[in-house]
Amino acid sequence: MTSKIYRIIPRLEIKNGNLIKGINLEGLRILGSPDNFVDNYFKQGADEIIYTDSVATLYGTNNLSQFVKNTAKKLFIPLTVGGGIKKIDDIEKMLKNGADKISINSAGIEDIKFIYKAAKIFGSSTIVSNIESIKIKNKYYISKSNGRDLININPIDWAKKLEDNGIGEIIITSVNNEGLQKGLDIELTKKVSNNVKVPVIASGGAGTFDHILEVIKKTKITGVSISSLFHYDTYMLYHFNKKKIGNSTFLEKYIKKKSNNNLKKLKIFLKEKGINVR
Amino acid sequence: MLDSKIKVGIIDLGINNIQSIYNAYKIIESKVNIITKRENLLKYNIIVLPGVGAYKTAIKKLSNLKIETDIKKFIEKSTSNYLVGICLGMQLLFNESYEFGHSKGLGFIDGKVLPFDKKICKVTPHMNWNKILIKNHNKEFKKYSRKNFYFVHSYFCKPKNKKEIIAETDHNGHKFCSIIKKENIIGLQFHPEKSSLIGIDLLKTIIKLV
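Protein chains in written order, with the working numbering: chain E, 1 to 278; chain U, 1 to 210.
Worth flagging that the hints you see were computed from the coordinates, not collected in a lab.
There's no promise every hint is true.
[As the list claims (entries may be wrong)] Below are the DSS-like pairs computed for lysine-lysine, each with C-alpha atoms no more than 27 Å apart in a straight line: (1) U:K142 x E:K43; (2) E:K120 x U:K56; (3) E:K182 x E:K271; (4) U:K56 x E:K87; (5) U:K147 x E:K264; (6) E:K43 x U:K147; (7) E:K218 x U:K118; (8) U:K122 x U:K66; (9) E:K117 x U:K56; (10) E:K73 x U:K147; (11) U:K131 x E:K217; (12) E:K271 x U:K175; (13) E:K160 x E:K144; (14) U:K31 x E:K73; (15) U:K26 x U:K122; (16) E:K197 x U:K118; (17) U:K118 x E:K217; (18) U:K37 x E:K120; (19) E:K96 x E:K135; (20) E:K15 x E:K96; (21) U:K122 x E:K190; (22) E:K120 x U:K77; (23) U:K158 x E:K4; (24) E:K96 x U:K122; (25) U:K135 x E:K69; (26) E:K74 x U:K204; (27) U:K142 x U:K118; (28) U:K26 x E:K43; (29) U:K61 x E:K96; (30) U:K204 x E:K117; (31) U:K77 x U:K61; (32) U:K118 x E:K113; (33) E:K73 x E:K113; (34) E:K69 x U:K143; (35) U:K182 x U:K61; (36) E:K267 x U:K122; (37) E:K271 x U:K163.
Isolated chain E, as found in the complex:
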C-alpha cells in the first residue's frame, strides 16, 4: 500500500483584480497582480491553486471569471475557485472558464440543499466547501461572508452535514489563526479530519515549514493551503527593488524577515522528514 501524497496548495485571495492578503480575513493589503504569483507557484511544483474572491459574498458579484479564464490557459494543475457562488449558473460559468472545482461556503449555510443539488449535477469531486471556523472562549463556530457573520454551528457537525449532502472535499480554515503565521489550529483540523471520509485541506496560520509538518503529522488531512508564507517570498521575487505596487513600503519592511520560504524548499523539507509529496 502506498502512502498518500500530501498536496501543497497556494491560496490566492483576489479583490478587484489584485492579489490581496489579510490578517484574520480582514485588514487587506494589496500584493500585486495574481498572474506572477500563479506562474511562480506552478513552476515551483504547486499541486493545485485556490482562487477566492474575498468580497464577492458581500457585494453579490463574482468578478473572478476573467482571471479564471486567463489562468486556465497556462495552468496545468487543478484550479479551485470560490467566493460569492450562489447559483447553479455561477458554477457552470466558472467551470466553463476553466475552474476544476468550485468552493462554496455562505450559499451552503443559507441552504444546504444547494450543496446537494450542485454535487448531484456536477459530481461530488467538483464541489468543495470552505469552512471558516471562528473560536470564541474555547467554543468553535462557523461563519459566512468571509468571516463576517458568526453562525452557531460547530464546524465538526457542519463538516459531517456537508459530507452527507455530497461535498467532495473540505477546506477547514481557522479565521483566528489566518494571516498571523503562528501555526495552524491543530485541534480543529484534527477533529474535522477525523470525522469525515472526504479529503480535508488545512488552512490558516502556516508561518513556518515546521507548522506544516506538525499539521500533517498530527491530523488526517490530505493537503495544506498556504498563502502568506509563499506570497511574501514571491512578492520579493517580483516586486522588491522594482516598481512599487501596493503598500510596498510597509510590506517590504514586514516581508524582509519573512521571505525565503518558497514552495520548492517546503517540498524538499517535507521529503527529508519522510512526508510523501510530489
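Starting from the known structure of chain E, fit chain U onto it as the hints suggest.
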C-alpha cells in the same frame, strides 16, 4: 507523423470542462478542434472523449449527438487513428457502469465500471496525485512509471482482458487500471491536462503513436 500536422478533435458533451484539455493540446502545437455537433470525424488523427460528471448523462449526450457510430467508424478506419478517453471518457469506453444504478457504455472495451469499496478505501472520491505503475510488457509509456498524475474519480474500470491494462494505481490499498490500451483505443483514468508538465508530455507521447 509530424506532430504539427496532427489533428485533434475533442468531443464536447456540454457537461464538463473541456477548456483545460483544449489548452493542453494547444500548447503542444497540434491542430485542435472542439466537436459540438455531428461532423466528419475521419479528418482527425485523434479523437478525445473527455469527461467529468455523471455516466448516464454523458451516454445520453453522446446518443443525442448521434456520434457513436461515427466514433466506431473512426477507430475501424485506420489503426493510426486514436481514440483517447479521459477520466469519465475512459469509463464510457466500457460495456457497462454501476454508477447510480446501471447504464450501458459504448462497449469498445470489455469490462465494467464499478465504485470504490468504501470499506477498503478510507477516502473517497479518489481526488489526489498518485503514482502509475506501468506494466512490464509496455514500452511506450514505460518512462511514466512511478510518476504522479492527478486523479478525480469515485468509480474505476475493471477490464475483462488483463493484457489491455497498461498501468495500475493503488488507492488506499485498492489497485485499479489507470491506463488501458486496446489497439488504437486508449483510456486514461487520470487527468493529463491537470497533471502538470508530465501530463502534457504524456499527451505528446500519444501523438507520437499516430
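Hint check results:
The hinted pair formed by U:K142 and E:K43 meets the criterion: a straight-line CA distance of about 25 Å does not exceed 27 Å. The hinted pair formed by E:K120 and U:K56 meets the criterion: a straight-line CA distance of about 12 Å does not exceed 27 Å. Our distance criterion of 27 Å between C-alpha atoms is met by E:K182 and E:K271, whose separation comes to about 22 Å. Proposed proximity of U:K56 and E:K87 is supported: the alpha carbons are some 23 Å apart, at most 27 Å.
Pair hint U:K147 plus E:K264 holds up; C-alpha atoms about 18 Å apart against a cutoff of 27 Å. The straight-line distance between the Cα atoms of E:K43 and U:K147 is roughly 17 Å, inside the 27 Å bound, and the hint therefore holds. Annotation: proposed proximity of E:K218 to U:K118 holds, straight-line Cα distance about 24 Å (limit 27 Å). The hinted pair formed by U:K122 and U:K66 fails the criterion: a straight-line CA distance of about 40 Å is larger than 27 Å.
Proximity of E:K117 to U:K56 is assessed by CA-CA distance (about 17 Å); at most 27 Å being required, the pair is judged to hold. Annotation: proposed proximity of E:K73 to U:K147 holds, straight-line Cα distance about 24 Å (limit 27 Å). With a CA separation close to 22 Å, the supplied pair U:K131 and E:K217 stays within the 27 Å bound. For the hint linking E:K271 to U:K175, the alpha-carbon distance of about 25 Å falls within 27 Å, and the restraint holds.
For the given pair, E:K160 sits about 17 Å from E:K144 by alpha-carbon distance, which is consistent with the 27 Å threshold. For the suggested pair U:K31 and E:K73, the alpha carbons sit about 16 Å apart, so the restraint of at most 27 Å is met. Only pairs whose Cα atoms come within 27 Å are accepted, and U:K26 paired with U:K122 is rejected, the gap being roughly 37 Å. Of the supplied pair hints, the one linking E:K197 and U:K118 holds, its CA atoms being roughly 9 Å apart against a limit of 27 Å.
A hinted pair counts as satisfied when its Cα atoms are at most 27 Å apart, and U:K118 with E:K217 qualifies at roughly 24 Å. For the hint pairing U:K37 with E:K120, the CA-to-CA distance comes to about 26 Å; that is within 27 Å, so the pair holds. Pair hint E:K96 plus E:K135 does not hold up; C-alpha atoms about 37 Å apart against a cutoff of 27 Å. The straight-line distance between the Cα atoms of E:K15 and E:K96 is roughly 21 Å, inside the 27 Å bound, and the hint therefore holds.
Using a Cα cut-off of 27 Å, the hinted pair U:K122 and E:K190 holds, with the two alpha carbons roughly 16 Å apart. Simply put, E:K120 and U:K77 have alpha-carbon atoms about 38 Å apart, too far for the 27 Å limit, and the pair is violated. In summary, the hint linking U:K158 to E:K4 is supported, as the alpha carbons are separated by about 22 Å, within the 27 Å threshold. Between E:K96 and U:K122 the alpha-carbon distance is near 31 Å, which puts this suggested pair outside the 27 Å criterion.
Straight-line distance between C-alpha atoms of U:K135 and E:K69 comes to about 38 Å, which puts the hinted pair past the 27 Å bound. About 17 Å separates the Cα atoms of E:K74 and U:K204, which keeps this hinted pair within 27 Å; it holds. Distance hint between U:K142 and U:K118 is unfulfilled; the C-alpha atoms sit about 31 Å from each other, more than 27 Å. Taken as a hint, the U:K26 and E:K43 pair is honoured in the structure, with Cα atoms around 19 Å apart against an allowance of 27 Å.
With a CA separation close to 17 Å, the supplied pair U:K61 and E:K96 stays within the 27 Å bound. Our distance criterion of 27 Å between C-alpha atoms is broken by U:K204 and E:K117, whose separation comes to about 38 Å. With a C-alpha separation of about 24 Å, the suggested pairing of U:K77 with U:K61 holds against the 27 Å cut-off. Between U:K118 and E:K113 the alpha-carbon distance is near 24 Å, which keeps this suggested pair within the 27 Å criterion.
Straight-line distance between C-alpha atoms of E:K73 and E:K113 comes to about 33 Å, which puts the hinted pair past the 27 Å bound. Distance hint between E:K69 and U:K143 is unfulfilled; the C-alpha atoms sit about 32 Å from each other, more than 27 Å. Distance hint between U:K182 and U:K61 is fulfilled; the C-alpha atoms sit about 24 Å from each other, no more than 27 Å. The straight-line distance between the Cα atoms of E:K267 and U:K122 is roughly 25 Å, inside the 27 Å bound, and the hint therefore holds.
Under the criterion of a C-alpha separation no larger than 27 Å, the hint pairing E:K271 with U:K163 is inconsistent with the structure, at around 35 Å.
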